[in-house]
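Could you build all of it, start to finish, from the sequences and the hints given here?
Letter by letter, the chains look like this.
2 protein chains.
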Amino acid sequence: MKIQFWSLGKNHEAYVKEGIAMFTQRLNHYFTTDWKIIPQPKNVATLPAEEQKNKEAASILALLKKDDYLVLLDERGKMLNNESLAQLIQARANESVKTIVFLIGGAFGVNDAVLQRANFTWSLSPLVFPHQLIRLMLAEQIYRSCTILKNEKYHHI
Amino acid sequence: MKIQFWSLGKNHEAYVKEGIAMFTQRLNHYFTTDWKIIPQPKNVATLPAEEQKNKEAASILALLKKDDYLVLLDERGKMLNNESLAQLIQARANESVKTIVFLIGGAFGVNDAVLQRANFTWSLSPLVFPHQLIRLMLAEQIYRSCTILKNEKYHHI
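Top to bottom, those sequences are chains A and B.
Take 1 as the starting number for the first sequence in the numbering used here and just add one per residue.
Take 158 as the starting number for the second sequence in the numbering used here and just add one per residue.
The reader is advised that the hints may include incorrect statements.
[Stated by the list, open to error] The list that follows gives simulated cross-link-like pairs (lysine to aspartate or glutamate, DMTMM-like), each with its CA atoms no further than 20 Å apart:
#, chain 1, residue 1, chain 2, residue 2
1, B, 167, A, 75
2, A, 78, B, 232
3, B, 235, A, 75
4, B, 174, A, 18
5, B, 159, B, 225
6, A, 17, B, 175
7, A, 17, B, 170
8, A, 65, A, 95
9, B, 255, B, 225
10, A, 36, A, 67
11, B, 159, B, 224
12, B, 193, B, 224
13, A, 17, A, 34
14, B, 167, B, 208
15, A, 150, A, 95
16, A, 36, A, 74
17, A, 55, A, 112
18, B, 174, B, 191
19, A, 55, A, 74
20, B, 174, A, 13
21, A, 66, A, 95
22, A, 10, B, 175
23, B, 310, B, 240
24, B, 193, B, 225
No lab work stands behind these hints: they were computed from the structure.
In this text, all values refer to a predicted model and were calculated from it rather than measured experimentally.
Written as structure tokens, this is what we have:
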């Protein structure tokens, strides 16, 4: 199984880059993992929120393969504890899912088409965090899930 | 009012240092804010968890002033959304609290004496994060709270 992290917008900012690289590298010991930064369509930031989300959705949906398992990070989703998150990943591996995609939406979230395409919608926390920081939190949590599944000691840092 | 972030253990790791510095600097436009890294008592890591927590608690309680308002970050606490977190800070300012201390406990959490001393016990998320990353998440969230209270646009990064 492959794990992909998709995020709209800019490359990783300096303040999260090192941590994202560290946890992604560790994750690669368990699953082939990489990041796809989906560039925003041109001039999209000048558009009203709904149009911006529709344009972003078109980019996202065009990139998704039919059998990709899409986990959408969205505040409308369900919160999980570590055990449930680990089980979600294990269940996909058991079902021979080829690729899990964890998608962090754009500045205004995602439109209904992406929400409906999502196989699971996950809320990280009742708090809102900046998208850049969510990238780091996400990479760390999926790495942590792998250590739980393998019953390994988490390498604390 | 002053805001203090207290954390047990080591200095900020490289992967969170820049982000912590950035959000702490921004926070200083609203409240005088600083970090206190409480060094672990000597050889504490070789002790059983309970003894380790008791030694850490002694350090923490010795540093707290009687009228410090202590917010303990602990998974046994209550989760808050952004609005409630902002209100918690505003309420303390209204009550003329001199210092709010946000305390991130040690590797095994805190003992009952610290839990009982806490004026509020706050759970950031149903997920467990490494203490270093929690420092960054905490600084960002308290900065975000200040922008909410001032009705300011959050400076997205």
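Cross-check of the supplied hints:
1. With a C-alpha separation of about 33 Å, the suggested pairing of residue 167 of chain B with residue 75 of chain A is violated against the 20 Å cut-off.
2. As the CA atoms of residue 78 of chain A and residue 232 of chain B are separated by approximately 18 Å, the hinted pair is consistent with the 20 Å bound.
3. With a CA separation close to 18 Å, the supplied pair residue 235 of chain B and residue 75 of chain A stays within the 20 Å bound.
4. Note on residue 174 of chain B and residue 18 of chain A: the hinted pairing holds, with a Cα-Cα distance of about 10 Å set against a maximum of 20 Å.
5. Of the pairs offered as hints, the one joining residue 159 of chain B and residue 225 of chain B holds, with about 10 Å between alpha carbons and a cut-off of 20 Å not exceeded.
6. Taking the CA atoms of residue 17 of chain A and residue 175 of chain B, the gap is about 10 Å. The hint holds against a cut of 20 Å.
7. Restraint check: the Cα-Cα separation between residue 17 of chain A and residue 170 of chain B comes to about 13 Å, which is no more than 20 Å; the hinted pair holds.
8. Distance hint between residue 65 of chain A and residue 95 of chain A is fulfilled; the C-alpha atoms sit about 17 Å from each other, no more than 20 Å.
9. A threshold of 20 Å between alpha carbons decides the hint, and for residue 255 of chain B with residue 225 of chain B the separation of about 7 Å falls inside it, so the pair holds.
10. Restraint check for residue 36 of chain A and residue 67 of chain A: the C-alpha separation of about 17 Å stays at or below 20 Å, so the hint holds.
11. Taking the CA atoms of residue 159 of chain B and residue 224 of chain B, the gap is about 12 Å. The hint holds against a cut of 20 Å.
12. For a cut-off of 20 Å, the pair hint linking residue 193 of chain B to residue 224 of chain B stands: about 17 Å separates their Cα positions.
13. Distance check on the hinted pair: residue 17 of chain A and residue 34 of chain A sit about 14 Å apart at the alpha-carbon level, within 20 Å; holds.
14. A C-alpha spacing of about 19 Å is found between residue 167 of chain B and residue 208 of chain B, which places the hinted pair at or below 20 Å, so the restraint holds.
15. A C-alpha spacing of about 18 Å is found between residue 150 of chain A and residue 95 of chain A, which places the hinted pair at or below 20 Å, so the restraint holds.
16. Taking the CA atoms of residue 36 of chain A and residue 74 of chain A, the gap is near 18 Å; set against the 20 Å cutoff, the hint holds.
17. As the CA atoms of residue 55 of chain A and residue 112 of chain A are separated by approximately 12 Å, the hinted pair is consistent with the 20 Å bound.
18. A distance of roughly 14 Å separates the Cα atoms of residue 174 of chain B and residue 191 of chain B; the hinted pair therefore holds under the 20 Å criterion.
19. A C-alpha spacing of about 18 Å is found between residue 55 of chain A and residue 74 of chain A, which places the hinted pair at or below 20 Å, so the restraint holds.
20. Restraint check: the Cα-Cα separation between residue 174 of chain B and residue 13 of chain A comes to about 13 Å, which is no more than 20 Å; the hinted pair holds.
21. The suggested pairing of residue 66 of chain A with residue 95 of chain A holds, with an alpha-carbon distance near 15 Å, which does not exceed 20 Å.
22. With a C-alpha separation of about 18 Å, the suggested pair residue 10 of chain A and residue 175 of chain B falls inside the 20 Å cut-off, and the hint holds.
23. With a C-alpha separation of about 15 Å, the suggested pairing of residue 310 of chain B with residue 240 of chain B holds against the 20 Å cut-off.
24. For the hint pairing residue 193 of chain B with residue 225 of chain B, the CA-to-CA distance comes to about 14 Å; that is within 20 Å, so the pair holds.
The structure fails to meet hint 1 from the earlier list, while all remaining hints are met.
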